[in-house]
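Peer 1: For reference, the chains in residue letters:
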Amino acid sequence: MAFEPVLTRGIGELDLTDLKVYRAQGGYQALEKALRELAPGDVVQMVTDSGLRGRGGAGFPAGKKWSFLPDDGRPRYLVCNADESEPGTFKDRLLIEHHPHQLIEGIVLAAYAVQAVQAFIYLRGEFLEGYRVLQRALAQARDAGYVGRNILGSGFDLEIVVHRGAGAYICGEETGLLSSLQGGRGEPRLKPPFPAVAGLYGMPTVVNNVETLSCVPHIVARGPEWFRSIGPETSPGPKIFSVSGHVVRPGNYELPMGVPLAELIFEHAGGLRPGRRVKAVLPGGGSSPALTADHLDVPLDFDSVAQAGSMLGSGAVMVLDDTTCIVKAAYVLARFFAAESCGQCTPCREGTSWVARILGRIEAGQGRPEDLEVLKSLPGQMAGRTICPFSDASVGFLSSTLIHFEDEYLAHIERGACQVREVRSA
Amino acid sequence: MMEKQAVSWVVERHEEIEALINRYPERRSAVLPLLHLAQEARGYLATEDVEAVAELVGMTPSEVTGIVSFYSLLHRQPRGRYTLTLCQNLPCVLAGAEALAQHLRQRLGIAPGETTPDGLLTLEETHECLAACDGAPVVQVNLEYATHMTPEKVDRLLEALRAASQEAAAPDGEEDDAGGL
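Keeping their order, the protein sequence lines are chains A and B.
Each residue of the first sequence is one higher than the one before, counting from 0 in numbering that gives the first Met the number 0.
Each residue of the second sequence is one higher than the one before, counting from 0 in numbering that gives the first Met the number 0.
The set of hints was computed from the structure by calculation and includes no laboratory data.
Note that the structure is a prediction, hence the values are computed from the model and not measured.
For glycine and all other residues, C-beta sits at the position ideal for the given N, C-alpha and C.
Possibly wrong hints are sitting among the right ones.
As the list claims (entries may be wrong) - Covered stretches of chain B (chain A as the covering partner; in silico rule of three or more C-beta atoms under 8 Å from a C-beta of chain A):
#1 98 to 109
#2 121 to 129
#3 147 to 156
What the hints assert, rightly or not - Listed next, with one range per pair, are the computed distances between beta-carbon atoms:
#4 B/Thr46 with A/Arg275: 20 to 26 Å
#5 A/Asp41 with B/Arg22: 26 to 32 Å
#6 B/Pro150 with A/Pro388: 36 to 42 Å
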């Protein structure tokens, strides 16, 4: 049976930013159902039973996250992480710009489930169009009684505030995001305590990604069994894969979790250009270790990709063909991490700059004989030694390519030239 | 307390500012929205803007300065009328973003972070992915996307920005003494 898109259905054909159009597609019916027929705990149970795992990168079960909130009478907050900035990821921007009511409905449902007093959408500062779309959609939703006081006569109140970031990758990390939302620099802090216990303003807080929350109306409307029927047992549901790099048709593809990497690349994204072959794939954004042509059978779900030695992350699949210089690719990513380290922890602040400088000179043909050993020694000194996972993420691709493509680093250092360019010019 | 001349956006947008602050349980949370508002009014954040925001949210000016310096979209120096930002992350580099950057530097005669002498354009090259990789290489002009860029398309974009800027300046004729381009 062919898979029917869930989260992206109608995008490109209908103007789903218009409340009337969204409602004509069944929009806000899940919210009406929940507020009339379901207790908050029922909604938590449905999401738990659905097996929904966080689409922001970590893959943590959403229902479990919601049930961690202590029941101690303190106000609770819901924060939607819309700070999409993992390299290669552009799915949340699609959902925000083209399907804002689906997100708003998901936020109100989640807030009802955990009984949040207020919700915030932390929106990436660069998403100006998304900001305008969300403001318009929120105004419509407020006028129609889906947001604000006494929603649909249920007695449940919820204000949603769209909060624009101002340019900082690290604000996608949830404690960095909360620091920023509280008016500080977006610097992460140590966990525990987790935001569920001490989050926004020190209160119990749920932080969920845009795509995660966009799944919620469908789970409530169609039931957890339906959601579980899509994709593998341990990572169920639909997933939007952002495919970029050397494919004929880069784009967002919504498919069942667990779609094999080869099917995504060759059937959906149009394959590679004529005569090209897959050299490496980053299956989960710039923070994910490389897979190689040997991994094309890997099903794209959280557990299978982890077993293959990488991570599904945000589902950003970057494809590098055989004309790609791996050292160059590693250098480009290293420059990014060096620029975006928040600077709190020495291993990350210094390490990311070291990595970028060393890769820069190797790539330029000025590598030193000892550089490879130094490069190999750095990931172990950087990963697991800092407040947040940024430092680990920054060496994911590097570490994997030092294993799979060591000869390319060696060729640069020993001959001062790139093998790939030699092949291309031959 | 010394009498101080109020900053114009604080006076003119008083109600909007109050509404912004009231959206949050704590005033400090309004610091980024207010900095966005101030920067929109002046084009950058002058010292008096930083001081005004600090007073509105109950922080010290040095705290606010520390926040401004953390975020790449906030600026303490005057900017061009347009900021043109080129993505230099991996998907864009695979699609030729470095050659595009080279082309723009030469065409404009400035380095990243600099502004053209006529004040039209500030050039930025960002390593932070702009989340439009299906349109690589991608550029943002004042945060609006332009995708699938080529040197030719960038040249046409620059022409359009110059024309738009001259049109905007023409009615009162006061701003348009830059000449040159």
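Peer 1: Hint by hint, note whether the structure agrees.
Peer 2: Hint-by-hint comparison with the structure:
Figure legend: the stretch 98 to 109 of chain B, annotated as covered by chain A; annotation inconsistent (0 residues with Cβ-Cβ distances under 8 Å, at least 3 required). With 4 residues having a beta carbon nearer than 8 Å to a beta carbon of chain A, the stretch 121 to 129 of chain B meets the requirement of three or more and the stated coverage holds. Requiring three or more residues with a Cβ within less than 8 Å of a Cβ of chain A, the coverage given for the stretch 147 to 156 of chain B is violated, as only 0 such residues are present. In this structure the supplied range 20 to 26 Å is violated for B/Thr46 paired with A/Arg275, their Cβ-Cβ distance being about 54 Å.
At about 30 Å, the CB distance of A/Asp41 to B/Arg22 agrees with the hint of 26 to 32 Å. The hinted window of 36 to 42 Å between B/Pro150 and A/Pro388 holds, with their beta carbons roughly 38 Å apart.
Of the numbered hints listed earlier, those contradicted by the structure are 1, 3, 4.
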